[in-house]
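My request is simple: use the sequences and hints to build the entire structure.
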Amino acid sequence: MKIADIQEEIQEEFELFDDWTQRYEHMIDLGRSLPLIDAKFKLDDNLIKGCQSKVWVHAEMEDDKLVFTADSDAIITKGIIAILIRVLSHQKPQDIIDAEMEFIDKIGLKEHLSPTRANGLVNMIKQLKLYAIAYQTQLN
Amino acid sequence: MPSTALDIQAIRKDFPILQREINGYPLVYFDNAATSQTPQLVIDAITKYYSYYNANIHRGVHTLAQEATEAYEFARKVVQGHFNAKHNHEIIFTSGTTHSINIVTHGFRSVLKPGDEVLVSAMEHHSNIVPVQMLCDYTGAVLKVIPMDEEGDLILDTYRDLLNDKTRLVFFNHVSNALGTINPVKDMIQWAHDAGAAVLIDGAQAAPHMAVDLQALDVDFYTASAHKMCGPTGIGMLYGKEEWLRMLPPYQGGGEMISEVTFEKTTYADLPHKFEAGTPNISGGIAFGVAIRYIDAIGMQNISDYEDELLQYATKKMLEIPGMRIFGTSSEKAAVISFNIEGIHPYDLGTLLDKMGIAVRTGHHCAQPIMNFYNIPGTVRASFSFYNNTAEVDALILGIERAIKMLL
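Protein sequence lines correspond, in order, to chains A and B.
Here the first sequence is numbered in my numbering, starting from 1 and rising by one per residue.
Here the second sequence is numbered in my numbering, starting from 141 and rising by one per residue.
In short, the hints are calculated from the structure, not lab data.
Remember, predicted model here, so these are calculated numbers, not experimental data.
Note that CB positions come from ideal geometry on N, CA and C, so glycine has one too.
Watch out, some of these pointers could steer you wrong.
To be verified - Straight-line alpha carbon distances no greater than 30 Å define the calculated DSS-like cross-link-like pairs of lysine-lysine that follow:
1. B:Lys326 x B:Lys405
2. A:Lys106 x B:Lys381
3. A:Lys92 x A:Lys2
4. B:Lys545 x A:Lys54
Claimed, not checked - Sample of chain B residues facing chain A (criterion: CB under 8 Å; computed from the structure):
5. Ile157
6. Gln159
7. Glu161
8. Asn163
9. Tyr487
10. Lys495
11. Ile544
So, in structure tokens, the structure goes:
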């Protein structure tokens with residue numbers, strides 16, 4: 001599936017909910033289904049800086065696509081990174097670099113984009129894209 | 141239920157922000173240790189200054205400059221009176237506690253020698269640890285830590301053992317921002333003085349909640365931030381005993397702080413202006429004075445008593461929640477509850493409480509050494525003020541219970 005199609009799918013999922021409780025419960029569920037990072041990659045080097053909770057991300061190429069795994073010690077953060085990974089994992093590095101991420105706004109998680117939010121959603125997106133840039137540079 | 145002399149419902153009407161709704165819920169503001177809310181009359185004082193007599197102070201001969209200078213200097217007298225400082229010029233207006241601390245630690249660069257010792261408590265905020273580390277790096281003085289126990293009390297026997305004739309400066313907070321512990325400052329000051337050391341106290345968390353009598357404490361330096369005392373941000377005070385303030389060199393050079401300037405030599409202005417370089421936060425200073433008069437009218441003892449009742453009420457209710465652990469269980473506590481629920485990350489709990497309109501702080505509260513002490517990533521902190529009420533505490537309890545259902 002293309003990145004834009006997955007974003008639309010997630011948006012439709014979130015539109016089913018009438019209130020924040022259901023949205024957050026869904027996010028928590030998504031967090032529980034996060035493709036977990038292998039314990040050997042759960043290193044301080046793989047921590048995303050600027051988050052109140054710990055977030056580890058690992059990336060590796062499978063054929064021509066980049067695959068992400070992650071974990072966090074906070075469940076809501078796990079939900080957020082799970083959504084990002086669902087959108088960006090198993091995609092070509094160049095497509096990840098080019099991906100627009102405005103859908104976050106549309107699924108009612110806008111508050112997590114605020115710079116005061118120490119959860120670092122912005123940092124997470126940046127980190128995933130940095131992995132893509134690194135692998136794309138290798139491909140070139 | 142608190143059996144206070146205060147009419148909390150009337151007091152709440154003084155704070156326009158308390159009418160706000162957040163995410164469809166009435167705001168419950170329990171982040172008072174980070175910053176307090178602002179009563180209408182303080183907001184009005186700022187508006188009035190800019191609408192009516194905005195002018196630079198201490199120099200102009202025109203009417204506006206005189207009115208602004210008078211109002212600013214009146215505020216200094218209000219602050220002096222509130223904290224019972226001996227002299228008006230012992231009150232230095234600063235941008236806040238961090239600035240105040242840096243004036244002292246910078247000044248002590250010319251006082252300390254290699255091998256001198258500086259004590260700092262284990263329950264300090266980063267803003268207290270870093271300037272002291274910088275001071276010790278610069279001078280070659282040795283930094284020693286006054287340890288604390290599980291309850292969040294400083295270990296006073298060890299403190300007394302640490303004090304010796306090499307100790308020059310002792311620095312601790314009056315009330316811990318992360319744990320709420322009220323330190324026994326009077327004794328701690330006395331013991332430091334017996335060893336010949338000066339004492340700097342960070343009063344940022346104490347000043348909003350209790351009467352502080354600087355002369356009775358006999359402390360050498362004391363700091364406070366207006367924005368934790370119903371005043372605006374960007375203004376605070378440093379109190380220093382006159383003899384210390386005369387001795388320490390100025391922190392910043394600029395206008396206001398000079399007496400005479402030639403390219404050969406500059407003589408510094410007298411106190412307090414020596415430490416107030418540049419155009420100060422004039423509206424902030426004036427509004428700080430108004431905020432202090434506001435809380436003084438309510439009465440610091442009334443505020444202390446009421447907040448203590450609120451703390452007892454909240455502590456009792458919170459301990460009924462399964463998995464609750466409160467950090468900071470000193471018998472002498474200000475109205476701060478730092479806590480975690482077993483199996484729940486503080487960030488998750490804080491995020492869901494915010495969705496319910498409840499403002500708490502999550503994280504390490506700029507006191508990572510305390511979090512390391514308890515081996516936790518952080519806590520959720522609810523901190524109360526005199527304008528909070530038991531209905532809001534009940535909303536917090538319900539909010540926590542609802543969040544637990546979602547998270548566990």
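To see whether the hints hold, each was checked on the structure:
1. For a cut-off of 30 Å, the pair hint linking Lys326 (chain B) to Lys405 (chain B) is broken: about 42 Å separates their Cα positions.
2. Between Lys106 (chain A) and Lys381 (chain B), the direct Cα distance comes to roughly 58 Å. Violation of the 30 Å bound is thereby established for this hinted pair.
3. For the hint pairing Lys92 (chain A) with Lys2 (chain A), the CA-to-CA distance comes to about 10 Å; that is within 30 Å, so the pair holds.
4. Between the alpha carbons of Lys545 (chain B) and Lys54 (chain A) the distance comes to roughly 23 Å, so the proposed pair stays at or under 30 Å and holds.
5. A hinted interface residue such as Ile157 (chain B) counts as satisfied when its beta carbon comes closer than 8 Å to some beta carbon of chain A; here the least separation is about 17 Å, so the hint is violated.
6. For the restraint placing Gln159 (chain B) at the interface with chain A, the shortest Cβ-Cβ distance is roughly 21 Å, beyond the 8 Å limit, so the hint is violated.
7. For Glu161 (chain B), the suggested interface contact is broken, since its CB lies about 14 Å from the closest CB of chain A, more than 8 Å.
8. At a threshold of 8 Å, the smallest CB-CB gap from Asn163 (chain B) to chain A is about 7 Å, leaving the interface hint in force.
9. For the restraint placing Tyr487 (chain B) at the interface with chain A, the shortest Cβ-Cβ distance is roughly 4 Å, inside the 8 Å limit, so the hint holds.
10. With 8 Å as the threshold, the beta carbon of Lys495 (chain B) comes within range of chain A, its nearest partner Cβ sitting at about 5 Å, so the hint holds.
11. Annotation: Ile544 (chain B) was flagged as interfacial toward chain A, and the flag is violated, the nearest CB pair being 12 Å apart, outside 8 Å.
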